[in-house]
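Using the sequences and the hints given, assemble the complete structure.
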Amino acid sequence: MEGLAYSRRSFLARALAAAASLALFRRLSKAEASVRQAPGQAVAARPHRWGMVIDLDRCTGCQACVVACWAENNQPLPSPEAHRAGRIIEWMTLLPSTEGEYPAVRQRLMPVPCQHCDRPPCTPVCPVFATYKNPEGLVAQIYPRCIGCRYCVNACPYTCKFFNWSTPTWPAPMEAMHNPDVSVRPKGVTEKCTFCHHRLIRAKEQAASDGRTLREGDYVPACMQVCPARAIAFGDLDEPNSAASQLGRSPRRSLLQEELGTRPKVTYLAEA
Amino acid sequence: MAQPRDLEADLIASMTRFSRPFFLLVGFLLAVIGFAAYAWVHQLRDGLVVTGLNRPVFWGIYITNFVFFIGISHAGTLISAILRLCQAEWRRPITRMAETITVLVLFIGAGNIIMDLGRPDRALNVFLHPNFRSPLLWDVTSITTYVTASICYLYLPLIPDIALLRDRLPRRRWFYGALALGWRGTPNERHRLELAIAVLAVVVIPIAVSVHTVVSWVFAMTVQPMWHSTIFGPYFVVGAIYSGIAALILAMAVLRKTYRLEAYLKPVHFKNLGLLLLVMTCLWTYFTFAEYLTTFYGHEPDEMTIFWAKLSGPYAPYFWTMAACCFAIPLVILSLPATRTIPGMVVASSTILVGMWLERFIIVVPSLINPRLPVPTSGYTPTWVEGAITAGAFAAFLLLYTLFAKVFPIISVWEVEEGRQRGIQDTVERLTTYLPEGEAPPAPATKTAWEWSR
Ligand code: SF4
Ligand code: SF4
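Note that the protein sequences, when read in sequence, are chains Y and B.
Residue 237 in the working numbering is what sits at position 237 of the first sequence, and the numbering runs on without skipping anything.
Residue 1050 in the working numbering is what sits at position 50 of the second sequence, and the numbering runs on without skipping anything.
No lab work stands behind these hints: they were computed from the structure.
Just so you know, nobody snuck in bad clues.
Footprint (simulated), chain Y over chain B, 3 or more residues, beta carbon under 8 Å:
#1 1040-1048
#2 1052-1062
#3 1110-1118
#4 1129-1135
#5 1212-1222
Idealized CB from N, CA, C, for every residue including glycine.
Okay, here's the thing in structure tokens:
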């Protein structure tokens, strides 16, 4: 009797759970769809769609962007041991890319931040909603909620998420030099490039206090700001006249692993 | 056996006999678990930096253990449910052992996930903020369901035996009395119990299949090369049942020796399970071959990097050991009647368990260490912490199993007794229903076909 009652109840509970998750799934997909359909709405309510363009023909591989990102976003100082163990955190990182075939081989360095995919494979897999795509297309991490399972890290085809293997530390004087706008992450959580989201918040507050809407150039990530070769452009991709969307239409454009259908919002420019 | 043995007396004797080797074993296992606990405290304090994990090998031995242990869990409930539903009479003395493996190993598997979390203190977030689009949450759901169902499936057939112990062991009465739920063994009670067990046996099979399917989907739902495979679901389920039967055979062999159960666990039980194991060997090989051949033929560059890393690169020793352990050795041992003996089967089961662990390992690690982008990698060498926690996981399973066998009868007394009383009659009745209607039972042949052929 025990068992009978149990299994009937468990069956009902499971059926209900299945229905509920289906409903939730559909609601979530619809929520995302409505964000995508947003351009149809009134101009003022249209969310921005932030994106970056990196011109590899201009990039000299100087790594200024890497250092700027590291300082701006309170990333732990990479120690030689961490480097040897493969545990450094570097939201903006230079990867070697080889082009052409022997004898016309060309090697370059390619700055790779999080691509802020429009269809990120990393967000649906998070069991606790600790990584998600916000209405402006930025893919975000919620540090206080992340359980550190690293599923999103492994699901990202660009390997651009980083994990805090230990509590981040800085040598003595640097501890007092953190950027107050960016939270310091505890050990055991996942983090990645935010497109300097805190700068967007700043820019919006500034614009609001000036009584105007956001203008091109108000919101500039740290990597773009420091790039001496001006290889990085940034802006609203849905704004046809922004530098980013104009450059993004260049015939030299390409997306990283476009074939995966992740729709990255970082575009690369390079002479074929 | 010449005179009928009394299973009840035999089991109660071994349950109440606490020998020196028993205490030595428990002491040893506790020491291993203690060391693992020490390692875990270390990891909790410093973070996962104490493991060999790094970028891009974000998952390693803990996840391998998780998949392996959850796989073993299919020994039990699934096998015993199928045998029960098929009314295989020889199942009677082995179902309990199998079901116990399932329940215990599920906790060990889930424990390994906790070990892997960067923030185990926040593990409850999966219930507070569940994202049902995540395969990890599907895992949580199906494993919790499976644990619940298997505990019921273990407990229900235990009730009559607990009641028996309640009446036989007065000193443990406080304990068994509560668990027996006032069982008196009336025909009405029996009828309901059998119905409940039958229903659970049906329910538990799809749940078990869902469990390892979903475990495989944790990998297959990503777009990562050699994880993103459509056959992973059935492939993992087959592997799970395969390793599950191997674990069951090992447990049977060990219990048979230590508990002197030779009279109940006969060579025929091993032979039957051995044939099942042989079938699973072929199935597993078929799936592995299909998986690797399609990858090779498709020749997608990102996949081929990983393919060659496994077949001839740094992971070749693991791959070929796996091929020997899961294919060549068991196939030979299990096909030849001369080696399909109990010792032979113990050897085959042990190699299968080693091979299946390696299989999980070379699914997890080589894909991660060869990401699509040229990210610098520094290999993956597990540290003593990971080793200690893994050893602790195995020790915890052995300890719990040993203790379980001391507290509860590891062979179902009433079911064996029922088999003895009703089994022959039931089987004959069942066989008669297979025969064509309206004919007299065939007269005994004067000569068998075998004799004619000589
Ligand atoms: S690049 Fe990776 S981390 Fe960034 S949004 Fe895409 S999948 Fe997610
Ligand atoms: S590591 Fe954190 S953000 Fe990533 S999937 Fe796990 S819980 Fe979500």
